[in-house]
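Residue numbers (the numbering used here), protein chains in the order written: chain C, 1 to 194; chain L, 1 to 546.
Please note that the accuracy of each hint is not assured.
[To be verified] Okay, derived cross-link-like pairs now, BS3-like style, lysine-lysine, Cα gap no bigger than 30 Å in a straight line:
1) L:LYS436 / C:LYS159
2) C:LYS194 / L:LYS129
3) C:LYS159 / L:LYS242
4) C:LYS51 / L:LYS324
5) L:LYS242 / C:LYS51
6) L:LYS264 / L:LYS324
7) L:LYS27 / C:LYS185
8) L:LYS300 / L:LYS378
9) L:LYS473 / L:LYS286
10) L:LYS347 / L:LYS313
11) L:LYS324 / L:LYS27
12) L:LYS437 / C:LYS128
[Stated by the list, open to error] Derived coverage of chain L by chain C (criterion: at least 3 residues anywhere in the stretch with Cβ under 8 Å from a Cβ of chain C; other residues may be distant):
13) 198 to 205
14) 433 to 443
15) 461 to 467
These aren't lab readings, by the way, just hints derived from the structure by calculation. Note that CB positions come from ideal geometry on N, CA and C, so glycine has one too.
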Amino acid sequence: MEGAIATAFDGAYGKIGGRTFLEIANEVCKKALAVICIGTCSSYGGVQAAKPNPGGYKGVGEALGIKTVNIPGCPPNPVNFVGTVVNYLLLGKLPDLDEVGRPLFAYGKTIHDLCPRRSHFENDEFVKEFGSKEAEMGYCLYKMGCKGPDTYNNCPVVKFNEGTGWPIGAGHPCIGCSEPNFWDKMAPFFVASK
Amino acid sequence: MAERINIDPITRIEGHLRIEVEIENGKVKNAWSSGQMFRGLEIILRGRDPRDAPLITQRSCGVCTLVHYLASVRAVEDAVKVQIPPNARIIRNLLHGSQFQHDHIVHFYHLHALDWVDIVSALKADPQKTAALADNVSNAPWGGTVYYKQVQQRLKTFVESGQLGPFNNGYWGHPAYQLPPEANLMAAAHYIEALRLQAKAAKMHAIFGAKNPHLQSLVVGGVTCVQDLTPDRIAEFLYLWKETQDFIKNVYIPDVLVVAGFYKDWGKIGGTTNFLAWGDFPESEKEPDSLFMPRGVIMKRDLKAVKMAEQDKVVESVAHAWYKGSDALHPYKGVTEPEHGDYDPNKKYSWFKAPRYEGEPCEVGPLARVLVAYAYGKKEIKEVVDDVLKKLSLPVEALFSTLGRTAARAIETLVIGQAMERWIMELVENLKKGDKKTYQSWQMPDKAQGIGLNDVPRGSLGHWIEIEGGKIKNYQYVVPSTWNLGPRCGKGKPGPVEEALIGTPVADPKRPIEILRTVHSFDPCIACGVHVVDPDSNQVYEIKVI
Numbered sequence: 001m002e003g004a005i006a007t008a009f010d011g012a013y014g015k016i017g018g019r020t021f022l023e024i025a026n027e028v029c030k031k032a033l034a035v036i037c038i039g040t041c042s043s044y045g046g047v048q049a050a051k052p053n054p055g056g057y058k059g060v061g062e063a064l065g066i067k068t069v070n071i072p073g074c075p076p077n078p079v080n081f082v083g084t085v086v087n088y089l090l091l092g093k094l095p096d097l098d099e100v101g102r103p104l105f106a107y108g109k110t111i112h113d114l115c116p117r118r119s120h121f122e123n124d125e126f127v128k129e130f131g132s133k134e135a136e137m138g139y140c141l142y143k144m145g146c147k148g149p150d151t152y153n154n155c156p157v158v159k160f161n162e163g164t165g166w167p168i169g170a171g172h173p174c175i176g177c178s179e180p181n182f183w184d185k186m187a188p189f190f191v192a193s194k
Numbered sequence: 001m002a003e004r005i006n007i008d009p010i011t012r013i014e015g016h017l018r019i020e021v022e023i024e025n026g027k028v029k030n031a032w033s034s035g036q037m038f039r040g041l042e043i044i045l046r047g048r049d050p051r052d053a054p055l056i057t058q059r060s061c062g063v064c065t066l067v068h069y070l071a072s073v074r075a076v077e078d079a080v081k082v083q084i085p086p087n088a089r090i091i092r093n094l095l096h097g098s099q100f101q102h103d104h105i106v107h108f109y110h111l112h113a114l115d116w117v118d119i120v121s122a123l124k125a126d127p128q129k130t131a132a133l134a135d136n137v138s139n140a141p142w143g144g145t146v147y148y149k150q151v152q153q154r155l156k157t158f159v160e161s162g163q164l165g166p167f168n169n170g171y172w173g174h175p176a177y178q179l180p181p182e183a184n185l186m187a188a189a190h191y192i193e194a195l196r197l198q199a200k201a202a203k204m205h206a207i208f209g210a211k212n213p214h215l216q217s218l219v220v221g222g223v224t225c226v227q228d229l230t231p232d233r234i235a236e237f238l239y240l241w242k243e244t245q246d247f248i249k250n251v252y253i254p255d256v257l258v259v260a261g262f263y264k265d266w267g268k269i270g271g272t273t274n275f276l277a278w279g280d281f282p283e284s285e286k287e288p289d290s291l292f293m294p295r296g297v298i299m300k301r302d303l304k305a306v307k308m309a310e311q312d313k314v315v316e317s318v319a320h321a322w323y324k325g326s327d328a329l330h331p332y333k334g335v336t337e338p339e340h341g342d343y344d345p346n347k348k349y350s351w352f353k354a355p356r357y358e359g360e361p362c363e364v365g366p367l368a369r370v371l372v373a374y375a376y377g378k379k380e381i382k383e384v385v386d387d388v389l390k391k392l393s394l395p396v397e398a399l400f401s402t403l404g405r406t407a408a409r410a411i412e413t414l415v416i417g418q419a420m421e422r423w424i425m426e427l428v429e430n431l432k433k434g435d436k437k438t439y440q441s442w443q444m445p446d447k448a449q450g451i452g453l454n455d456v457p458r459g460s461l462g463h464w465i466e467i468e469g470g471k472i473k474n475y476q477y478v479v480p481s482t483w484n485l486g487p488r489c490g491k492g493k494p495g496p497v498e499e500a501l502i503g504t505p506v507a508d509p510k511r512p513i514e515i516l517r518t519v520h521s522f523d524p525c526i527a528c529g530v531h532v533v534d535p536d537s538n539q540v541y542e543i544k545v546i
C-alpha cells in the first residue's frame, strides 16, 4: 500500500473513479495475505496527517483497523521493501517486527548508533553552522537538530540510490522520517532535541 | 476586509484527476477538468518554523521531488533577505537541471509514449528492418537484429502471459495509431532502456542532494553538501550527466522526431492561447535578467508581444472550485475554505482553484517556456526549435499544439542539459580559486513576506509566505497543475486543458485515446479517470486510464 487514507467527511477528500480511498482500501486489503505499507504515508499517515490534519488522514493500519507490515521513510528505502518480500519468498514468513510494525532487520538500530559521525559526538565535536569549517570536516549534526538518536532506520548503512548518498552524508540533519508522527514529534527540525 | 483562512485545497501534485468531455459529431464540444483530492498542506504549515516549510512543501509530490523544496526555500530566503553564495546557486541549478533530465525522459517514454506507440503492433515487426530503421534515425548504443529479436521475444512472452503489467489498459490496435510495426518495436525497446537510464539520472540528485526522491541538502541560506564539493563527487556527477546527455541526443530527440513525423496532424490539435513562464536557472544574482530560461508572458499567441511577467498580476478564482464563495484573489490574500459538494460542471466541480494572469488562463510548462525563450530570440532555444521544425517541415504555428508541447519538452531537455556542463565547470573554477562557500548566515525577522518563483518541469511554480512572530502566518502556493488543469473561473473561461481538448477528434468514445494524447502532453503525472459523455446515446463511459 502506498499513500495515506482520508477519513474526514466519510473520506470525501480523496476519491478515485467516484469511490473513496477508504472504500477501495477496505475492499482490497481484506483479500490480501499480508499488507505491506511502503512509505511513511501509508504506514503512519505522513505529511497530510500532520497537525491539524484537515483531511483526517491516517495510515492504512489505523484507518482500516488491521495489522500491517510498515516500511516507513520519506522516501522509504526500496532495499528494505525488497528485503521484506524476499524474506517471505525464501522463508515463507514475514520478518520479525517492532511494536510499530517495522521489520527489525532494517529498523532495529538508531541512525545515531549506525552513524559514521558518531565518534565526533563522543568527542564533543559539533557543527554549529552550515557551511562552516566544522561542517566541512564532517562533525556531528546533533546541535543543528539531527534526530538520528530518536530514529530507527538503516540509512547510514544502505544509503539511497544504490549507495550514492544519504542526508547526514550530505551535511543535513536527520529529520526522523521513519518515525510515527515525525512531522509533529520531531519538528522544529533545525532545533536540537532535548 | 476578507477573512484570512489559509487553505491549500489540492494535493497539488500526483493527485487524482477527472476529465469529462462532451462529444458531438466525432469531436470534443466541451470539457471539464476536476482535481479529486484535498490534503490541506497550507493549513498544516501555519504556526510552524519557516525553516521547516521547504521540507513540508517538498512532500507535495514524490515525482517532481526537488521543485517545491526549491521554491519554498527561495520564498523564505526572500522573506529573511539572504543572498545565497554562488556555489549554492550553482549546486541548486545542477540539481534542478537534473530534475528536468530525469522528469522529461520519464514523461516521454513511460507516461506519454504509449499514446502514440502501439506495443502489441511491435510483435509484428521484422527485427532486421527495425535494426535498419534504428541505425538510420538514431545513434543509440544498443541495436542490431539480435537485440530487437530479444526485445520482441520479451514483449511476446509478456503479452501471451495475459498479464500486461505496465502495458495493461492500452487501446492496442486503435485506428489512431499511425506508426509502422518496426517503429513501434524500436520505441518499445527504448521504453525499456529509458527505465534503466532514469535510475542513473536520479543518482545525480543523490550526489549533491543526499537522495531521490526528497532531496535533503537545501537550507535557508544555501546548501549543506559542502563535503561533496570534491573532485571525485564532481566527476561522478559529470559521468552520469554525460550518459544522460548522450541518451537525450542520440535516442530521445531522434525518437520524438520519428514519432512526430507520423503524427503531423497533431500539430493542429490541442493548442491553447496564452502562455506564462516565471523562468528559471539564475546564472547570477541579478534575477530575473540572469535566468537561463527567461521569464515572460505571451497573450493570444502573439510572440512579438512577449513581455515580462509580474507575480502581482496573479489571482486564483474559486467560482467553480469546492471552496466557499466565488472570489478571485492574489495568493497573499487567498481566502480558502473547503466546501465539498457534488460534482456539478455548471457550478463547482474541482478541488483545483483557477489561477489567472491579468484575468486570463495561461498554459505553463515546456511549451510556454520554449515559446517565451523563442519569442525573446534566446539563441540556444531558437536554434534547436528551428532545426526541429525544419526536420519535420512544419511552420512555427505548429508549436501551438499537442505535438508542439511534446516537442518543446524534448527541446528544453536537450538545451538545459547542455547548459549544465557550463555550470559544472563554473563550480570547478570557483573551487580552483579556493571558494568553497556554500552558506550565508541570516537572522529570522519577526515579520516578513517572501516569494519564491521557479519554473519547474511541469511549469510555473510560485510559493508565497508570510512570517509573523518568527512563525508561518500564511502560506500559499500556485502550482503548474493548477494553472493547466484548473477549472473555469468566475468569467466562465475554461482552463488550458479544458480549452485544449475542445475540437479534438474522437474516433471511438469507448476508447478515447485522442483525449489522452492532449491531457498527457501537459504531463499531469497522475492516473486519471476520464469520463466521456455521448449526447446521442446519453451513454456515460467510465474509463480508467494509466
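Structure-based check of all given hints:
1. L:LYS436 / C:LYS159: holds, 25 Å
2. C:LYS194 / L:LYS129: Roughly 69 Å separates the two Cα atoms, so the pair is violated.
3. C:LYS159 / L:LYS242: holds, 24 Å
4. C:LYS51 / L:LYS324: holds, 23 Å
5. L:LYS242 / C:LYS51: Status violated; Cα separation ~44 Å.
6. L:LYS264 / L:LYS324: Between LYS264 (chain L) and LYS324 (chain L) the Cα gap is close to 44 Å, so the pair fails against 30 Å, i.e. violated.
7. L:LYS27 / C:LYS185: violated, 54 Å
8. L:LYS300 / L:LYS378: holds, 21 Å
9. L:LYS473 / L:LYS286: Distance of about 29 Å is within 30 Å: holds.
10. L:LYS347 / L:LYS313: holds, 25 Å
11. L:LYS324 / L:LYS27: violated, 34 Å
12. L:LYS437 / C:LYS128: holds, 16 Å
13. 198 to 205: Our answer is that it holds, as 4 residues pass the Cβ test (under 8 Å) against chain C, meeting three.
14. 433 to 443: Contact hint for the segment 433 to 443 of chain L vs chain C: holds, 6 residues under 8 Å.
15. 461 to 467: violated (count 0)
Comparing the model with each numbered hint stated earlier shows that hints 2, 5, 6, 7, 11 and 15 do not hold.
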